[in-house]
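Engineer: So in our numbering, the last spot in the sequence shown is 144, and the numbers never skip.
Simulated from the structure, these hints should not be mistaken for lab results.
Backbone N, C-alpha and C fix where the C-beta goes; we use that ideal spot for every residue, glycine too.
Misleading hints may appear alongside valid ones.
[Said to hold, decoys possible] For each label pair, taking beta carbons as the anchor points, the in silico distance ranges come out as: (1) ILE20 with SER70: 16 to 26 Å; (2) PHE80 with GLY51: 30 to 40 Å; (3) GLN46 with PRO76: 30 to 40 Å; (4) PRO10 with GLN46: 34 to 44 Å.
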Amino acid sequence: MVIDWAHFTPWTALAGGALIGLAASLFVVLNGRIAGISGLLGSLLQCGTDGRDEKALFLLGLLAAPLLWSLFGALPEIEFQTGWPGLAIAGLLVGLGTRYGSGCTSGHGVCGISRLSPRSLVATLAFMASGFATVFVLRYLWGG
Numbered sequence: 001m002v003i004d005w006a007h008f009t010p011w012t013a014l015a016g017g018a019l020i021g022l023a024a025s026l027f028v029v030l031n032g033r034i035a036g037i038s039g040l041l042g043s044l045l046q047c048g049t050d051g052r053d054e055k056a057l058f059l060l061g062l063l064a065a066p067l068l069w070s071l072f073g074a075l076p077e078i079e080f081q082t083g084w085p086g087l088a089i090a091g092l093l094v095g096l097g098t099r100y101g102s103g104c105t106s107g108h109g110v111c112g113i114s115r116l117s118p119r120s121l122v123a124t125l126a127f128m129a130s131g132f133a134t135v136f137v138l139r140y141l142w143g144g
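Could you build the full structure based on these sequences and the hints that come with them?
Structural biologist: Here you go:
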């Protein structure tokens, strides 16, 4: 493994992580809800759910954050090493995984682990193991 020291950004990564933690903490303290993105999006799309305005504003903030960042610095270059079919399949698998796992990495990994939830710890370990296995298979066994 080689670290790309020219593009290594520990301070912005630390600031981003702190802002994610702050946003998740404020969301649970002020609204009494977990800031799991898949759960927020799923409940926002259902009719008659409580807190639609807060959920919509939280999700809008996720979309607006890169635009705000671009005022202060250049956004990183985005590069996909697969085509649109691969992205669609990946998105479908992530969506199915969040439904079967009763949450996503933000709900379990950020909010659940910070609440010392055993279920979230197991879910996050499963997410990470699946990611490691996928990278191993695609890079070293499949030859991509």
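Engineer: Among the hints numbered above, which are violated by the structure, and what are their numbers in rising order?
Structural biologist: none
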